[in-house]
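Q: These are the residues of each chain, in order.
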Amino acid sequence: MTAHAVSSERGIALVAVMSASALLLALGLSLALTTTIEVGIAANQRDGVQALHAADAALERAIADLAGEDWDAVLAGAVTSPFHDGGGLVRLPDGGQLDVTQETNRLRCGSAAPCGDADMDRVTAARPWGRNNPRWTLFASGPLAELLPDAAVAAREYLVVWVADDPSENDAQPLRDGRPPAVADAANPSNPGRGALWMQARAYGPSGARRTVEAIVERDPRWPATQLRVRVWREIT
Amino acid sequence: MSLAELLVASGVLLAVTAVAGSAAVRAQLAFRAQPEVADMQQRTRVAASALGRDLLMAGAGPTSTSLAGALVRRFPPVAPYRRGQADDARAGVFYRPDALSLVYVPDTRAEADVLHAFDLGRELLVDLAPNCGVLVHERVCGFTVGMRVVLFDPRGRFDLATVTDVAGARVRVQHSGLSSSYDGGAVMAEVMAPTYLVRSDVATGALQLVRYDGFRTERPVVDNVVDFRVEYFGEPAPPRPLPPVAAGDPVRPATTYGPAPPDVDVNDARDAWGPGENCVFMDAAGPVPRLAPLAPTPSPVPLDPAWFRDGPWCPDGAQAARFDADLLRIRRVRVRVRVQVAVAAMRGPAGRLFAKGGSSATAEFFAPDQQVIVDVTPRNLGAAP
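Chains as they are written, first to last, in numbering that gives the first Met the number 0: chain A, 0 to 236; chain H, 0 to 384.
Some hints here could point you the wrong way.
Unchecked claim - FRET-style restraints, in silico, Cβ to Cβ:
#	chain 1	residue 1	chain 2	residue 2	range
1	A	Leu22	H	Leu12	47 to 53 Å
2	A	Ala31	H	Gln369	18 to 24 Å
3	A	Asn43	H	Asp212	22 to 28 Å
4	H	His115	A	Ala125	24 to 30 Å
No lab work stands behind these hints: they were computed from the structure.
These numbers come from a predicted model, not from an experiment.
Cβ coordinates follow ideal geometry from the N, Cα and C atoms, glycine included.
I would like the entire structure built from these sequences, with the hints used as guidance.
A: Structure (structure tokens):
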């Protein structure tokens, strides 16, 4: 082998190493992509399920806090749950910010801006009851970790609970429960919404996970005053 | 380089290459199997998510009609057979281990009391009470053409139908047979009535988990299912009537679960039960439940599938669209879904790892079956206190 021949093969090791590196890099990237996507999908599902159960927990806490209260005062916002940090602007677990006041406005009239009476009384497909449309009132809010007596639980969800007069009301007084019908006639002899409240509980979790549940809760003279009955429970999608 | 050195070098090279090649082949097999494993996990997640969402909502009823509240106070929202336009019960099938049907009223504005109903054969003209308005309820809202609805009455009769026309307060619905006239005292509401069941995929022959919408569509949810089993847990206590809320209310207005019986001496001519009786209660100086206590515990107990086929029947045993009153006991549902890898070359011999054997004899190429168990106690199935 001559010196010239040796010099002409210089760099072949670099080519071989680069080829092997490229192959390994492709394999590694492919594996990383697969595992990253799978981990992401699994994490999103976990966060969604946790948010659902967190929202349900908030609902249960709010039901317990509602039991002994004057519901007119609750609907007017004069009475709130002991689990209430005041709402306002809060930081969410995924780093984003939540304006609870704007969320309340969206529920009341579909807009983040403050709602006037006309906005809230407007008849729409989702709110077809006019003067009896629900005027959602903030009742409870705060981090899930503070909802639980054991603060060591690693809970990251932020919870908000709103209450409103239930949809069967016909008294045109959405901030008062179960007054006589606004127009009493044969079709509306009484107010079927008396003793019932509509509730929505929402949990804001990591990675944008949000789950909302709603319930109609009612007082029933057959049970103790501290025991409310859930007439219907639903998840809202 | 001497010949000996060359032979030694070649031997070492061959040995290293053989070891590396062997490892590479094993790694390649495992690498090919892992995406299939991930796919199985994804399919189990889809099954858990779809089943969980529908199961959680099972039994949710209307919110603001005269029959507001959980559906289990009228009829069973969970049943172990297909319900809807293609209905197993009408064919005399009241239990299938591989089917689960659910009924619930979603978040909707389409719910109203029925004032009158006129049966036109396969169609029903329904006059509804107002359910919305500016000051008081003065008109009917929410119902649209194509919407699936449930009609039910306080006596435990229910049917699924489809809205074909809406003209003011009069709604025309299409049905496949009615168990009641629904002429007053009934409720109509938008409904979701999915049935999960397994069927054979015509293209591959493998089993699919499908979601039947209760009407015309069977939508595949998960492919390559090898096992789908549903277990039911139920209320051990028989139903009992609740006292009236106020003086002047009906004597038997409601029950802890199941339809309330008619008042004493009132005979519902639409069923075969005697005066003051229905499928859930007999009358012996007061309403006495026909269902026996199952255990001295308030916790749900396993329900034997044989109990879903032996009566007592609601509305009665002569009705084509009847159901076993024991279905009203269901409080908790456990669903097992087991899926397999689609490629037979990644399945080993049938056994604990594989429900259906494949052609692989190499462990590195195995992608064992995966199973998910969804165990749900639907909120709306809870009996009244």
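Q: Does each hint fit the structure? Answer for all of them.
A: Consistency of the hints with the structure:
1. A/Leu22 x H/Leu12: 47 to 53 Å: violated, 19 Å
2. A/Ala31 x H/Gln369: 18 to 24 Å: This hint holds: roughly 23 Å between Cβ atoms.
3. A/Asn43 x H/Asp212: 22 to 28 Å: Because 26 Å falls inside the window, the suggested range holds.
4. H/His115 x A/Ala125: 24 to 30 Å: holds, 28 Å
Hint 1 from the earlier list is the only one contradicted by this structure; the remaining hints agree with it.
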